[in-house]
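Colleague: Each chain, written out:
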Amino acid sequence: MSDLQSVPLTGTPPEGIRRIRIPQKLRNLEFWLLLVACFINAAAIVLVQLGALGRVDTQLVLLGAGLSFLVFGLHIAMRYTARDADPFLLPIATVLNGLGIAMIYRIDIAEGDAGWESAAVRQIVWSAIAIICAIATILVIRNHRVLFRYTYLAGLLAIVLLLLPLVPGLGREVYGARVWIGIGDIATFQPGEIAKIALAVFFAGYLVRNRDSLSMVGTKFLGMQFPRARDLGPLLIVWALSMAVIVFQRDLGTALLYFGLFLVMLYVATSRLSWVVLGLSLFIGGAIIASQTLDYVGNRFANWLDPFSDDRFSAEIGGSYQLVQGLFGLANGGLIGTGWGQGRPDLTPVPQSDYIIASLGEELGLAGIFAILALYLLFVARGFRIGFAGQDDFGKLLGVGLAFVVALQVFIVVGGVTRVIPLTGLTTPFLAAGGSSLVANWIIVALLLRLSDTVRNHPRLVIDG
Amino acid sequence: MNRELKRVSIVAFLMFLTLLVSSTIIQYVQAEALAADPRNSRTLYESYSIERGPILVGGEPIAYSQPSDDDYKFQRVYANGPLYAPVTGYLPVNGEATGLERSVNEYLSGQSSSQFFDSLNRLISGQDPMGASVEVAIDPVAQQAAWDALGDYTGAVIVTEPSTGRIIAMVTKPTFDPNSMAVHNSAEVTATYDGLLADPADPLFNRATGGDMNPPGSVFKLVVTAAALESGRYTPESTFPNPGELTLPGTDSIVRNSGGGSCGGGATVTLADALRLSCNIPFAELGMELGDDAIRDQAEKFGFNSEFLIPTVTEVSTYPRVLDEPQTALSAFGQGDGLRATPMQMAMVSAAIANGGIVMDPNLVDQITAPDFTPLQEFEAKEFGRAISEETANTMVGMMVNGVENGAASNARIDGVSVAGKTGTAENGESDPYTLWFTGFAPADNPQYAITVLVEDGGGLGQEGYGNLIAAPVAKQVLEAVLNK
Chain C
1 MSDLQSVPLT
11 GTPPEGIRRI
21 RIPQKLRNLE
31 FWLLLVACFI
41 NAAAIVLVQL
51 GALGRVDTQL
61 VLLGAGLSFL
71 VFGLHIAMRY
81 TARDADPFLL
91 PIATVLNGLG
101 IAMIYRIDIA
111 EGDAGWESAA
121 VRQIVWSAIA
131 IICAIATILV
141 IRNHRVLFRY
151 TYLAGLLAIV
161 LLLLPLVPGL
171 GREVYGARVW
181 IGIGDIATFQ
191 PGEIAKIALA
201 VFFAGYLVRN
211 RDSLSMVGTK
221 FLGMQFPRAR
231 DLGPLLIVWA
241 LSMAVIVFQR
251 DLGTALLYFG
261 LFLVMLYVAT
271 SRLSWVVLGL
281 SLFIGGAIIA
291 SQTLDYVGNR
301 FANWLDPFSD
311 DRFSAEIGGS
321 YQLVQGLFGL
331 ANGGLIGTGW
341 GQGRPDLTPV
351 PQSDYIIASL
361 GEELGLAGIF
371 AILALYLLFV
381 ARGFRIGFAG
391 QDDFGKLLGV
401 GLAFVVALQV
411 FIVVGGVTRV
421 IPLTGLTTPF
431 LAAGGSSLVA
441 NWIIVALLLR
451 LSDTVRNHPR
461 LVIDG
Chain D
1001 MNRELKRVSI
1011 VAFLMFLTLL
1021 VSSTIIQYVQ
1031 AEALAADPRN
1041 SRTLYESYSI
1051 ERGPILVGGE
1061 PIAYSQPSDD
1071 DYKFQRVYAN
1081 GPLYAPVTGY
1091 LPVNGEATGL
1101 ERSVNEYLSG
1111 QSSSQFFDSL
1121 NRLISGQDPM
1131 GASVEVAIDP
1141 VAQQAAWDAL
1151 GDYTGAVIVT
1161 EPSTGRIIAM
1171 VTKPTFDPNS
1181 MAVHNSAEVT
1191 ATYDGLLADP
1201 ADPLFNRATG
1211 GDMNPPGSVF
1221 KLVVTAAALE
1231 SGRYTPESTF
1241 PNPGELTLPG
1251 TDSIVRNSGG
1261 GSCGGGATVT
1271 LADALRLSCN
1281 IPFAELGMEL
1291 GDDAIRDQAE
1301 KFGFNSEFLI
1311 PTVTEVSTYP
1321 RVLDEPQTAL
1331 SAFGQGDGLR
1341 ATPMQMAMVS
1351 AAIANGGIVM
1361 DPNLVDQITA
1371 PDFTPLQEFE
1381 AKEFGRAISE
1391 ETANTMVGMM
1401 VNGVENGAAS
1411 NARIDGVSVA
1421 GKTGTAENGE
1431 SDPYTLWFTG
1441 FAPADNPQYA
1451 ITVLVEDGGG
1461 LGQEGYGNLI
1471 AAPVAKQVLE
1481 AVLNK
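From first to last, the protein sequence lines are chains C and D.
Taking the numbering used here, the leading residue of the first sequence gets 1, the next gets one more, and so forth.
Taking the numbering used here, the leading residue of the second sequence gets 1001, the next gets one more, and so forth.
Next up, chain D with everything else stripped away, as it sits in the complex (with noise of 0.2 Å):
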């Protein structure tokens, strides 16, 4: 019988060697890419179950976490959420993360490595760990202000302090409220997403960052007259033949100024008359003298062709690769296949006239600061690079001031404050309705808001509207508002 038991023991201890192996293999071999599968709801609820710091605008929380009953044990709740949705963006329970909910998620959720010590700090003291805070650059007065005066207008408006590149307003319409995508239910998260996914007028688009890019049009002539300045070949007096019509060089397209004639008539007009009346064949002439390399080298200095990171990620506005002469004609006046611009990239080519010629990275972050009130990260101005000497960026001051004092973008006029300002009014095929855009600052002579603001579909207008019309006004607006702060 012995001999039996020995063996039938021997068969015991196998089979709870067996479990001590498949356990391991769970537990130890298995284990990250069994939590790394998308099934996984533990792996989510984790990523909830510390309080996630806030988003402050002015010290008031815009994104912040209050405790739940379910299975996450945190709500995050956009407060005002339609107003800051392209700031912070929403964290739905399924699907990625969008705007600062995902670009500075790791201080948020308490995870990155300089909030390693805080939070082993807090384990020990047997406090409940918190994610870090983060205080945006956006001014409350500003963002609003942007938001009333977009209206019911399809676009954005965008405001950036000049000297450091602090965003301190960014408004995009349509929009959505992050607090939709925020429900703890992913069904309802799934079918609110393709809602706004399939909503032909894009709610989802942060069209002050990106969304389907536009045309620049005629604020890209800001660009090019930087780009002939720097050549040190042409000043704002240097002078241009005059024709009403231009037939592009080997083509059958015909350029013709936006009001039809001449510039201003006479049979030539300078450069600074050209910019300030917004005429188009004096600026192809000039495209073609200058050709696509000089205006792409100036473009690039600009910001176009780079990512920047907001932190969050934005669209990169581009300047063509490669240009045939006809199209570096049409490129010249902000028009072409391939040339597009986010009112972001705009601001960036105002705020650097309006700073001496230096070009700032954009940012939407002020300051992180971990739970303790010890700050984590604070905003330090950085400069992207010179795109144009002061002297270039003083003249072009003044040309901009004359664009709205005497020019084509009168409507940004303001009593008692010099604005320099440029309007766009960009084609974006034969029937289809304008693009309008105005970029500028205030006050010229000490400037401390740039704005570029964007109204797409000719603002209900279809091609009867055009940039001093709808979009100046609303860059008036926005200033005076900054202004009388």
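Chain C extracted, bound-state conformation (with noise of 0.2 Å):
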């Protein structure tokens, strides 16, 4: 095969057999890396076991072989219609996804439940789900610029999927936040996470529509250029739509998410700084308002600036509680962590999901959260070179949206738990327990994916034409 590897990809092999001939390295190396990635999954798993049940009960770890056998599925997928994709995403995904698992199967264990009760068959089974629909994204969406067609569309999706759960009926309230939707006590879903991406797709499809009028005319204000008020619309229904959801759906984090998503897209695609200054100062003024106003954004912030005095931690309603035992399990965990299965992050308030990055760090320890975090930013930085690299603009604001979407989530989770912002609930994305979390990040890295492959694809179609 040596000789075979040394063919270069610009030449021009004969027809017909250039598909076996040339190497899919990206593949290969993908190859690997995925079963490194199985490998520590199960090992979690494992580890779990022996930390927590004193033994090893195969019925798990078979599961989660079952995923793994998916995860290969959408390589091979890959090998067929993405061969030049990006080969860090689909394992980092896994890594994430499994270590997820084996947390909130470890909690599990602490709070003893089994077969359908527990959140991490649950959990495994919406993982199926979610890896599925990524294979199903990858095989339908064989452009990206498919998507650029139905931008409106999208637009309007993510409204209705943002109302949703506002409908009498469908909605659920869950600890106090109206973002859940579900039939009678049947399965629960979170349609904000969908609609983040159908946000992302409008967003990219909108301003490289519109980028010319909102980039070039305005008026100067203290050296900056600030837009035209026509042009302001789309950042008012942006900015009302993001405080709709805080007072409505009673999410801050979800607002937050949307409407950072929003403003770097904007600069990206009109590069004004000025866009930027005013939607901050419009979600700033607006939060602070809120805090004012609407009692569980205060209390949030009364959290956020003092956790430790003894009125707000035993608050029985909007307490920092939960911020607190969160950062005792941290600090429990120390520099190495007390290992899978040896510490009690099932003494904090939802362990397995809004709080699951405490409960990695309690266990794992700095090094683990470090070594997660470093796995996000990896994944970030995938994704941005898409944007560095793309060859058309919709692709590239895209791919640096829903790139930016699962940074700014990372950081407004693991920020609230460490403190550097108000806590607000949001789901740690591939980690936390919840079914559509997982499903919108796994079509997140489907369609990366495919951007990514179109981006290194670029040259040789070129050839090809």
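Careful: at least some of the hints might be erroneous.
Unchecked claim - 20 Å max Cα-Cα, derived EDC-like pairs, lysine to aspartate or glutamate:
(1) D:K1073 x C:D346
(2) D:K1006 x C:D393
(3) D:K1382 x D:E1405
Everything labelled a hint here was simulated from the structure, so no lab data went into it.
Could you fit the two chains together into a complex? Lean on the hints.
Modeller: Right, dumping it as structure tokens:
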């Protein structure tokens, strides 16, 4: 094979045998990385069992192995339809997903849940659904520019998804936030998670279409060019939407996520810092008003500023108990952690979803947190790479938007847990228990893979053409 | 577009950098402070997560940990809780432990430095960590006998081995059940504790080694007699004037003998008779002749004004630092402000006389054994020091035996056994009930057991009760039980 590998990719091998002869270097690298990822995931589950149960239970290991098959299914699908896609995205998502399952499983053991009561089993099923959605995305969307056509449809979809939880009978309120939908007692779903993809598509499409009018015209004030009143429209609409989410769905984190996503994409598209300044002051202004008028927002700020006061710690509603328990957990982990199954993450409320990063920090220590954050950073960097290397503005913008939404979400959750910003309820991508979050993030993986494939594929397409 | 992208990626990178810094601050810089927060239940649960070692009496556990299904993993159980409460103490989920649970906590919890390799070994070999077991010196027969003999009196009994200082019985009443303080519910523990604290009978006191300490009364005459004999200026035959009343110099205070009148008749009385009949006036005279420095020196040689860890902390028995002449006279028969003694201290006085004059450090713990049965610490008898010469000791044994056979401690007599003893009836206030004492040892010719009995509140008889009536029979009953074992 060594002589075949030396064939340059840009050469023009004879027609017909090219597909066989060109070695899929990227896919081979991905294959080996995936093997490592699956090994880490299996080891994590076995270590949880040894640490918390004191024995190995093969059932869950087998379920995990089933997931590995699906991941390799995605890998194989890419060998045929996205052979030049980025080789790091899939293994990173796999490892994060697996670590999340291991920690959720560990907390199930602590809380004595098994079978369908077990959040880990549900998480595995949801992971399977999410990966299948990713495979479908890769297979259906062969060229990302298709999405450009559906810009406004995506915008409409986002708004519908956002409003769904407010529909009487369909919406469900969990921990005070009305961001869930459910039918009877069956599966609950957070449509807002999917909405962030639709929003990214809409923003990318809209901004590419209107960037000229948005960036060229405006009045100069304080050395910065501010937009015309009629161009302010989209900014105000998104701002109003975010504020509506805060007020009606009581969800500060999601609002911050959407608005941050919009601002960054707006800035990249128009290169106008004034938009960012304007947008940020709008959002901060709105948040300050909300913190004064809405109890739950005010509590979040008070907890953030002074979590250790006895008043806040022991407050029945909206106190800092969870925040402080999370800090105790992280401190208990220290530098190297207590080890899988050796800590007490179950003492913190919702240790498997909003607080999974604190749970992981307790058992894997600062070392584990650093590793996880490094994985996220690498994931985000691969997304930005698409932005840098992309050929079309829509693809660039979409790639940056999707990568940034992951980065911002990690920042909002982990920053909330570690007291950088007030704590808000958001899921940690790939790690946290929750089906909608998994499905959304795996679709993001698929979209980023598709985008990265187009980026690398481009020169050859030119030659082929 | 790429310039903006670069800036956005820098922002994203800075966001991650912030998270790295914030998690480092929590998990490294602040970790210790967070672990020390009293609200940090992880720190508490951690301390319960290993199987705490048992406290054993005669090989049987009086405190042990059994698995429990809640957050704490193990429940502490006190077998025969009230009987052994002053020995074990308790380990609450909130607040501080007491008794041996506190004083040998390092060993029980497996945290002592001598257990480091053992716990490392267990970690590597996959065994669950476990604390060391603590075997105490208490003799279950003696303990039960002391409990039974004390009956419903408020007070304490302590029995020691004169030659070693081992404490073989330590009972205090009224007491409490340490199991009630070991429940895994902080609110319940706090309520129980507050209830015990507010109880006027003070069940939380260990009256054998502390509590609201009592004046020793006439049992302190042993110390003054020792000081007199040690001075070389007195013998048991030394005589003192024998009036019916003594007005203390420079005051209106009048000292009387307990029965009223003179001490056994006659113009003078010997030191031996004054001790045998427990007369106050001759001792007041003797005390003024000796001076407070001499009495204090002797008291401190017996252990007064020193702290003893058995290894549990005990209260310091006190002889005041400065006394004027009338107060010195009062102190010579165990009264006066600031003169206070625990039963353990008085047991040390008796035990020293029984032990040829050498005071042994009192000790509750015989042996501490690791889970793999290697001894971590074995009890060794330790001398506190010599209080009196052997000759003085022998003389005093004779005087104390006479006190039981022909004197004021007659109710401690045991057929066929020679008992040495001294009673005490201490005043607490104008109309307050007396504090009743007995201290002594048996057999007098080969002392095996030193005993001190304390009964507060006049044994329920107010100012009608006296040491020989109430305390001496308790001592007799306990000594009979241990001698007939």
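Colleague: If a hint holds in the structure, say so; if it does not, say that too.
Modeller: Hints versus structure:
Restraint check for K1073 of chain D and D346 of chain C: satisfied, since their Cα atoms lie roughly 14 Å apart, inside the 20 Å limit. Pair hint K1006 of chain D plus D393 of chain C holds up; C-alpha atoms about 15 Å apart against a cutoff of 20 Å. Only pairs whose Cα atoms come within 20 Å are accepted, and K1382 of chain D paired with E1405 of chain D is rejected, the gap being roughly 33 Å.
Checked against the numbered hints given earlier, this structure breaks only hint 3.
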